[in-house]
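*Asks:* Below, each chain spelled out in residue letters.
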Amino acid sequence: MSTTELTREDLATVSPAWWAAGLLTVVLLAVTFAVEPGLFIDQAIGGLVYGMVLVLVTLGLSLILGLMGIVNFAHGAFFMLGAYISYSVVVTLGLPFWAALILAPLIVGVVGVVLEITVLRYLYDSDPIVSLLATFGLTMMIEEVIRAYWGTAPLEISRPSVLTRGTDLGVTTVPTYRLFLVGVAVITIAAVYLLISRTDFGLTIRAGVQDGEMTEFVGVNLPIRFTAMFFLGAALAGFAGVLYSAETGMRTTMGETFVILAFVVVVVGGIGSLFGSVVSGILIGVSAYLTPVVLSALAEVTNQPWLALQIRNLVPYLVMILILLYRPRGLFGEEGFLE
Amino acid sequence: MSGNNTWDTVDRRTVLRAAGAAGIGGLAGCLGGGGDEGGANDLTVGVATSLSGPFSVFGQAALDGAMLAVEDLEEELGVSITVEDGDTQLDPQTGVSQLQRMVTEADADFTMGAVSSSAAQAMASWANENEVIYMPTGAHGDGLTGEACGPYSFRPTASNSMLAASIGSEMAESADSWYLLYSDYAWGQTAQSAVSRILEEQGKEVVGRSATPFPADDYSPYLNEADNSDADGIGMLIAGLDLRKASNQLVSQGMQGDYTLAMHQLEDAVFWGLDRESAGILDSAGQVWGPAVDTDASVDFCERVAESSNTDPYVRHFLGYLSMDQAVRAAVRADSTNADDMRGALEGHEVSSMAADIKGGDSGMYWREGDHQLIQPTYTVEAMDVETMSEDPYKRWFQTVNTFDGDDVARPVSETGCSM
Amino acid sequence: MSGETATGEGPTEALDRARSLLLRYRVPVGLVLVVLLLRPVISHPLLLGYEAVAATILIWMVFVAAFNLLFGYAGLLSFGHAMFLGFGMYAAAIGVSGRAGAPELPFPVAAAVGIAVAATVGYLLGRLTVEKGEIYFAFLTLAVAQAVEFTANRNPLNLTGGSNGVTQNVLPGFVESTRGQLVVVFTGLEIDWYWFVSAVFLVAMLALWQIVRSPFGRSLVAIRENGDLARAMGINTTRYKVQAFTISAAFSALAGSVLMIDRYGASQETLSVITSGDTVLMAVLGGVRYFFGPVAGVFVWQFTEEFLNEFEVLHLGFTSVDLSGVLTHWQFFLGALFVVLVVVAPLEGIWGYLRDWVRDLYVRVKGVAE
Numbered sequence: 001m002s003t004t005e006l007t008r009e010d011l012a013t014v015s016p017a018w019w020a021a022g023l024l025t026v027v028l029l030a031v032t033f034a035v036e037p038g039l040f041i042d043q044a045i046g047g048l049v050y051g052m053v054l055v056l057v058t059l060g061l062s063l064i065l066g067l068m069g070i071v072n073f074a075h076g077a078f079f080m081l082g083a084y085i086s087y088s089v090v091v092t093l094g095l096p097f098w099a100a101l102i103l104a105p106l107i108v109g110v111v112g113v114v115l116e117i118t119v120l121r122y123l124y125d126s127d128p129i130v131s132l133l134a135t136f137g138l139t140m141m142i143e144e145v146i147r148a149y150w151g152t153a154p155l156e157i158s159r160p161s162v163l164t165r166g167t168d169l170g171v172t173t174v175p176t177y178r179l180f181l182v183g184v185a186v187i188t189i190a191a192v193y194l195l196i197s198r199t200d201f202g203l204t205i206r207a208g209v210q211d212g213e214m215t216e217f218v219g220v221n222l223p224i225r226f227t228a229m230f231f232l233g234a235a236l237a238g239f240a241g242v243l244y245s246a247e248t249g250m251r252t253t254m255g256e257t258f259v260i261l262a263f264v265v266v267v268v269g270g271i272g273s274l275f276g277s278v279v280s281g282i283l284i285g286v287s288a289y290l291t292p293v294v295l296s297a298l299a300e301v302t303n304q305p306w307l308a309l310q311i312r313n314l315v316p317y318l319v320m321i322l323i324l325l326y327r328p329r330g331l332f333g334e335e336g337f338l339e
Numbered sequence: 001m002s003g004n005n006t007w008d009t010v011d012r013r014t015v016l017r018a019a020g021a022a023g024i025g026g027l028a029g030c031l032g033g034g035g036d037e038g039g040a041n042d043l044t045v046g047v048a049t050s051l052s053g054p055f056s057v058f059g060q061a062a063l064d065g066a067m068l069a070v071e072d073l074e075e076e077l078g079v080s081i082t083v084e085d086g087d088t089q090l091d092p093q094t095g096v097s098q099l100q101r102m103v104t105e106a107d108a109d110f111t112m113g114a115v116s117s118s119a120a121q122a123m124a125s126w127a128n129e130n131e132v133i134y135m136p137t138g139a140h141g142d143g144l145t146g147e148a149c150g151p152y153s154f155r156p157t158a159s160n161s162m163l164a165a166s167i168g169s170e171m172a173e174s175a176d177s178w179y180l181l182y183s184d185y186a187w188g189q190t191a192q193s194a195v196s197r198i199l200e201e202q203g204k205e206v207v208g209r210s211a212t213p214f215p216a217d218d219y220s221p222y223l224n225e226a227d228n229s230d231a232d233g234i235g236m237l238i239a240g241l242d243l244r245k246a247s248n249q250l251v252s253q254g255m256q257g258d259y260t261l262a263m264h265q266l267e268d269a270v271f272w273g274l275d276r277e278s279a280g281i282l283d284s285a286g287q288v289w290g291p292a293v294d295t296d297a298s299v300d301f302c303e304r305v306a307e308s309s310n311t312d313p314y315v316r317h318f319l320g321y322l323s324m325d326q327a328v329r330a331a332v333r334a335d336s337t338n339a340d341d342m343r344g345a346l347e348g349h350e351v352s353s354m355a356a357d358i359k360g361g362d363s364g365m366y367w368r369e370g371d372h373q374l375i376q377p378t379y380t381v382e383a384m385d386v387e388t389m390s391e392d393p394y395k396r397w398f399q400t401v402n403t404f405d406g407d408d409v410a411r412p413v414s415e416t417g418c419s420m
Numbered sequence: 001m002s003g004e005t006a007t008g009e010g011p012t013e014a015l016d017r018a019r020s021l022l023l024r025y026r027v028p029v030g031l032v033l034v035v036l037l038l039r040p041v042i043s044h045p046l047l048l049g050y051e052a053v054a055a056t057i058l059i060w061m062v063f064v065a066a067f068n069l070l071f072g073y074a075g076l077l078s079f080g081h082a083m084f085l086g087f088g089m090y091a092a093a094i095g096v097s098g099r100a101g102a103p104e105l106p107f108p109v110a111a112a113v114g115i116a117v118a119a120t121v122g123y124l125l126g127r128l129t130v131e132k133g134e135i136y137f138a139f140l141t142l143a144v145a146q147a148v149e150f151t152a153n154r155n156p157l158n159l160t161g162g163s164n165g166v167t168q169n170v171l172p173g174f175v176e177s178t179r180g181q182l183v184v185v186f187t188g189l190e191i192d193w194y195w196f197v198s199a200v201f202l203v204a205m206l207a208l209w210q211i212v213r214s215p216f217g218r219s220l221v222a223i224r225e226n227g228d229l230a231r232a233m234g235i236n237t238t239r240y241k242v243q244a245f246t247i248s249a250a251f252s253a254l255a256g257s258v259l260m261i262d263r264y265g266a267s268q269e270t271l272s273v274i275t276s277g278d279t280v281l282m283a284v285l286g287g288v289r290y291f292f293g294p295v296a297g298v299f300v301w302q303f304t305e306e307f308l309n310e311f312e313v314l315h316l317g318f319t320s321v322d323l324s325g326v327l328t329h330w331q332f333f334l335g336a337l338f339v340v341l342v343v344v345a346p347l348e349g350i351w352g353y354l355r356d357w358v359r360d361l362y363v364r365v366k367g368v369a370e
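Going down the list, the protein sequences come from chains P, F and X. Residues in the first sequence are numbered consecutively from 1, following our numbering. Residues in the second sequence are numbered consecutively from 1, following our numbering. Residues in the third sequence are numbered consecutively from 1, following our numbering.
To be clear, the hints were calculated from the coordinates, so they are not data collected in a lab. Idealized CB from N, CA, C, for every residue including glycine. Just so you know, not all the hints are guaranteed correct.
Chain X stretches covered by chain F per the calculated footprint, using a threshold of three residues with CB under 8 Å from any CB of chain F [stated by the list, open to error]:
id, region
1, 230-244
2, 264-275
Anything over 12 Å on all C-beta distances counts as not near chain P; from chain X, calculated [said to hold, decoys possible]:
id, residue
3, Thr-12
4, Glu-131
5, Lys-132
6, Glu-134
7, Ala-143
8, Val-144
9, Ala-145
10, Glu-149
11, Phe-303
12, Thr-328
13, Leu-337
14, Leu-341
15, Val-343
16, Arg-355
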């Protein structure tokens, strides 16, 4: 189950138990491939693609938590708000999907700014639990606004027709739209990474979180930068909402479903590590797709049919429980952060 | 529990009410107490169904249909009917709470509603325990007229096994091996076992099954499983609007040309969000009722729905109409809203009202005594050619292929597992 | 002191003694008042006019108070407490109905099994998680609760009924239900369900009160306030936290077993993260620092939900019709209230403000009297 064998710098210090776990994983995957090669490839690629979608959904949350120390439960609500706004843009205003892809994140970002100025600004110094609770309340409010304005019945928009079919990758066919999402995710991750690590903006934010007084002393207007950061986090959530809901439609429960998954991804990857979120999103996506196949192959090989458990939806939580129990800071988290 | 202690029951209720610390708390100010014997002129009917959430399209349509029945019944029978509605969401316990509120607070005489089988089963169980007549308007899971049957619950729609038996022969003709995707809750589970049973009886093979969570966003891993199973056909036993999502993803994985696709219970509304071509994705499908039924009464009913409801007519409107029609008529026949009297008026009763004309089919409908299933005709349907699909005054995209007698498709009572 | 010195020594002393006695036993007195007032208040025609909710509210108060033992006193935020409620609920339902070959148990035994299961899970989970850091603790409990819900959905050994839950034959022999009215039949006596629940409520809440005011409870608070200091003083903080988790789980399961009868069976929805989330919201809304916080939180939450929703359903009159459209969105207003409470003082809640307000009023009245 673990992929810690991937962490190069830790390789020397990895315990025998982790080596054994890694070896076991490799053996299981090999057995599965031998038993059901076709399905294995389909699910591995499908899981990789789904994992990138998860990363995209998680990105805003990861930024806000890692850089600002705010446990933003409202991330799911922003995600959902983006989705519903895209419905209004496409269906009510009659604009193309591409317009929604720009407008909806901007509007959600503005909502985020308003909430940052009125609520979250007062919580930067408090315990992370307090920001969790406050954003929990904000989630209730945003969800109710969505129910009031758009209703509770599921909605959907039609995607550009060029994206609705499948793309043949030779070994398997993947929905074109999902490939498009992977492309968008890669570009977005790269852009966010450059912004945070290579620009003045990102550097001052990181400095501000570590020592706000000193940073302000050298002439940086921190409140504005924090607000801008929150705008970015909210807009990213809205952006992901538009992209995701174009495939699945809008439901009033999508926010809460996804905020939990997004937290799982961030916690497994390690809070504060963008790279960790990417790895963990892919890890969770792939294991969610592959675990049932592995189990059914195992059941076939050992002739123990009860092993073929259909536990796909449980996999993200199992991964999180295992990782947190053995490595509480997550795969790539800084030691001691929020521990 | 039931039977001859009715008067004790009424007495205790009265005593309880008097003893209640705050006296009687009913605000609705209804005249007749629930479950009283004698007189059925002023009726209060509790309709608890899913008015919010993923099934709200279904719940609202059933309520709209029930209101049409109220119009007809008040005119024809000269009764006055108050409808007390309530939202069950998708939660069995909310459903039970709503029934409890309707009966204790609003003095509902009898009740109906629920869209999902899980909620319906909990509500039926409550109603049977509490001596309240209840009709699970739109729940198809076999349990309701099987292990979970009871003296006071009557299911007006066809059961999963009736629908599976209807579609089964067509599935067996069109492909030899099947993969079943089914929504992982009561409705999908019983549909899966019913369809498997029918296919295997016909000598066909079910090569694999995937239980898909409901509701779900991502059907892709399950479609991959089906795609790697060497099956010739895929049974898409997926509930509600999720069928649309799964169909979309099936098309975008390029699978639609490779398989025969079938669904045991098709609801027109599920496909209205797709374009007309995609509506034909299913090669065959079972149906309880739909605008595909073209009797005069059915066409009239569709036109009335088109005028009064927000959605175009489909099966949920009819089920709402049917439930209200049958429950009210039973109370009027019995001249009582007492649960046992109404039970007596329903068991074995042959439906002769407008509801039977709307339903169509020649074999008629009757309430089977052994399991309280309304035995009724079922249909298989297919999508019409795109040019002949009509939109005005209401959408009619499907046409019937076959009609089945209710007695031919329903399991015998002895096989249902129901004992009352 | 009290401005009544003119009337002599005796009465003042008696009054003081009465007051100190009242102060000392204000929690039991308050609990009895809750029981006596709750149903008349909410079933008053001008409010809800619906009695059955009262019993449900009492059960929820026990559950949220049990949750708050962990959050408010030990400082551990569990985001998966629904599972403990669920253990009690499912064990009671499965035991009473004797489904799928399970032994048919009397309700007290089935409930005890549920409580034991919950306590065991709480203990083991506590051992693994209480020292993990509060955010991680929250997510670990959430993940385990998800696993429990998932397992119940898979219907292991046909015991949990999957998505149907357990709803058949779940009423124990001593409870009768007719057209929505629950009655407990006990040695020929018919007791209204509400009074039965009240008895459970009083016993459970008094037990919790004894726990929080015992040395154990005080140590928990000490650990919450300053874990390092507590450790330095030789308190085994891990053991205390694990014990708090275990007790909290057990009381949650007790509430679950009674809720099973009240809601006619066990439903899978009860196990969902939404239940766990609501629990947190109710506790924080009421004020996690106070014993009566959860009581206040549950009351405000449940009452708001029922009351404001009812407005639309009942069409009370000429003015409310206009309001109904807005009031059905009670979650928005409750959410707003919640945010304000959390931002201003996250641990105080409604009860904290009520206390301060009453104290201010008292001081002012006293000032006027003097």
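*Asks:* Decide, holds or violated, for the assertion that all CB atoms of chain P are farther than 12 Å from the CB of Val-343 of chain X.
*Replies:* 5 Å, violated
*Asks:* Please check whether the region 230-244 of chain X has three or more residues whose CB lies within less than 8 Å of a CB on chain F.
*Replies:* Result for this restraint: violated, n = 0.
*Asks:* Using C-beta distances, would you say chain F covers the region 264-275 of chain X, given that this needs three or more residues below 8 Å?
*Replies:* holds (count 6)
*Asks:* Minimum C-beta separation from Val-144 of chain X to chain P exceeding 12 Å: can you confirm that?
*Replies:* 7 Å, violated
*Asks:* Would you check whether the claim that Ala-145 of chain X is not at the interface survives, using Cβ distances to chain P and the 12 Å cut-off?
*Replies:* 9 Å, violated
*Asks:* Would the non-interface assignment of Arg-355 of chain X survive a Cβ cutoff of 12 Å against chain P?
*Replies:* 20 Å, holds
*Asks:* Compute the least Cβ-Cβ separation between Phe-303 of chain X and chain P, then decide whether it is above 12 Å.
*Replies:* 17 Å, holds
*Asks:* Does the no-contact call for Leu-341 of chain X survive, Cβ to all of chain P over 12 Å?
*Replies:* 8 Å, violated
*Asks:* Would you say Ala-143 of chain X is clear of chain P, with no C-beta pair closer than or equal to 12 Å?
*Replies:* 4 Å, violated
*Asks:* Checking the smallest CB distance to chain P, is Thr-328 of chain X really beyond 12 Å?
*Replies:* Label violated. Min Cβ-Cβ 8 Å, cutoff 12 Å.
*Asks:* Is the claim that Thr-12 of chain X lies outside the interface with chain P correct, judged by CB distances over 12 Å?
*Replies:* The claim stands: Thr-12 of chain X keeps its Cβ more than 12 Å from every Cβ of chain P (closest is about 45 Å).
*Asks:* Just want to verify: Lys-132 of chain X was marked as not at the interface with chain P; is every Cβ pair farther apart than 12 Å?
*Replies:* 5 Å, violated
When the structure is compared with the earlier hints, violations turn up for hints 1, 4, 5, 6, 7, 8, 9, 10, 12, 13, 14 and 15 and for no others.
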